[in-house]
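One line per chain: the protein sequences are B and S, in this order.
Heads up: the first sequence begins at 1 in the working numbering, then just goes up one per residue.
Heads up: the second sequence begins at 1001 in the working numbering, then just goes up one per residue.
Incorrect hints may have been included.
[Stated by the list, open to error] Derived, one-sided and incomplete: chain B residues facing chain S with beta-carbon distance under 10 Å: (1) T90; (2) R185; (3) D189.
Hints are computed from structural coordinates only; laboratory data are not their basis.
Positions of the beta carbon are idealized from the N, C-alpha and C atoms, including for glycine.
Below are the chains, spelled out letter by letter.
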Amino acid sequence: MVDEVVRHFGRIDILVNNAAISGLIPAVERLPNEIWHHQLAVDLDGPFYMSRAALRYMIPQRFGRIVNISSFAAVRTGFVGGVTYTTAKTGLLGLTRQMAYEVAQYGITVNALMPTGLLNPRVLRLRPDWVQGEGPHRAIHPEEELGWIVAHLCHPNMTAISGAAIPVDRGVSNGIGDFAELKRRSGKDTGD
Amino acid sequence: MMMFGQLCDLSGLVALVTGAGGGERGGLGAAIARVLAQAGAQVAVNDLALEDAQATASMIRALGLVAEALPADVADPEQADQLVARVIERFGKIDILVNKAEYHSRAYRPDEIPTEEWQRSVAVNVHAPFYLSRAAVRDMRRRKFGRIINVSNIAAIRASVLHGTPYVATKEALYGFTRHLATEVAQHGITVNAILPGFVLTPKLAALWPDERIARLAPTIPALRAGTPEEIASLVVYLASPEAGYLTGAAIPIDGAVSIVPGGRMDPDNCFV
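One chain only, chain B, in its complex shape (with noise of 0.2 Å):
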C-alpha cells in the first residue's frame, strides 16, 4: 500500500495509523484464539507492517511524520473493546517509543494519540446514550478536533515532540473510574 501511494504522489511524509478493530468481546477465560489474532494483527501488527514500509522511504528522504492513534485505553483498559483493543493499543505506545528513539537522527517523529470519548459515528448510531451531550464533557470530535492535532504534529517545523504519548480526553480520564458503572453501560463481558 505505501508503495502505491509512493507510485501515485512520488513520495510519502506523513502516515496516520488510524485503522483498528475494536468491539464488545468475550471475557478472557472465554475469548477464542481467531478473535485474539484477528484484534492483534490489525491493531499492533499493522501499524508495525506500515511503519516500517513508510521508514523505507522516510529514512533515505531524511523527513517524516508517524502518527499512531492509540487510545485511553493504552494506559487505563477498554471497556468498550476487551483485552485485544488494550493489548494492543499499549503495545502500540511501545511501538511508538522505541521508533521514535531510533529514527529521530533522521528527522522523523513517530507519535501517539490517546483519545477516549471520540464522537465515532459508529458507536453514535450503536450507542446514542454513550454521547455526553454539550457542554465542558463533550465527545471530542474525530475531524475538527482530533484531525487538528494530528495536523499540527506532522507540521514540519514540529520537530521537537517526538515519542510522546497524548491524552487526547478533556483532561477528564485521571478521574476514578465506576466499575459498576462502566460495566452496565458498556455491556462488557467482565468474566462474572
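Knowing the structure of chain B, use the given hints to seat chain S on it.
Using the frame of chain B, we list chain S on its own:
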C-alpha cells in the same frame, strides 16, 4: 495475629514458571522457579527443551523441594493449553502462573526488521501469556485464588538499546494485557501484575557477556550494580503470596532506579546489528 515469619509462605500452592530452564546456568526464570520452591510452592518448570527444563527441576529437587519439568512451546496455543492441563494433572491445580518465557528480538533498524522477527516476538511475548492465562484463570476462579505474574521489562516504559522495536512494543503490550486481565478477574480473588526488571546478572548472561561489558554497565545504574536473580525472584514470591491480594494491575520496575535516570540520544554506531 500474623507473625512476620509467616509472611509470603507459599506452602500448598502450585506454580508454573515458563522459560525457566537451564538450572544452575539458567536465566531469571530458573531463579524464580527455585525461589518459589524455597518459599514452599510446588513448581512446574517449563522451557522449550526437555533437558533445559529438567536441569532446573533437578536443581530444585536437589534442595529437597518439589519440581516437575514440563517442556512446551508456549507460543503454540495447543501446547500452551496442554501445559496448563499437565500442571493440573500432576499437582491437582494451578495457583501461580509466572509468564517469563520471552523472545529477545535483535536491534534491527525499524525499516529493516524481518517479519519473522516481529511475529516471533508477538507470539512469545504477547500471545503466549494470553493462552496460558486464559487456561489458568479457568482453574483459578473455581478456587477464588490465583496469582499471575508477567515478567515484562523496563523497555515497557523506556526505549531499548539492545533489543529494538519488536521487544519494546511487545513488552509494553504485555503490560496492557496485565492491566486488562486484572480488571476482569479481580472479583475472583485473582491478581495480575507485571514486573519490569532492569539489568539482572543471571548465570546465563554472565556466560554470554564478557566481564568488561558487565563492568561498563554498572556505573550507568544509580545502584551502581546489576540486580541479582534472587532480588527479582523475591518480588515474584511476594506477588504470589496470599498477602498480596490487593495489589493488582500494577507494573513494578525493579531496576536499581535506572529507569528513572534521564536518557540520552541514540548512538547509531553502538546499537544496530
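Hint check:
no., hint, result
1, T90, "holds (3 Å)"
2, R185, "violated (15 Å)"
3, D189, "holds (8 Å)"
Of the numbered hints listed earlier, the single one contradicted by the structure is hint 2.
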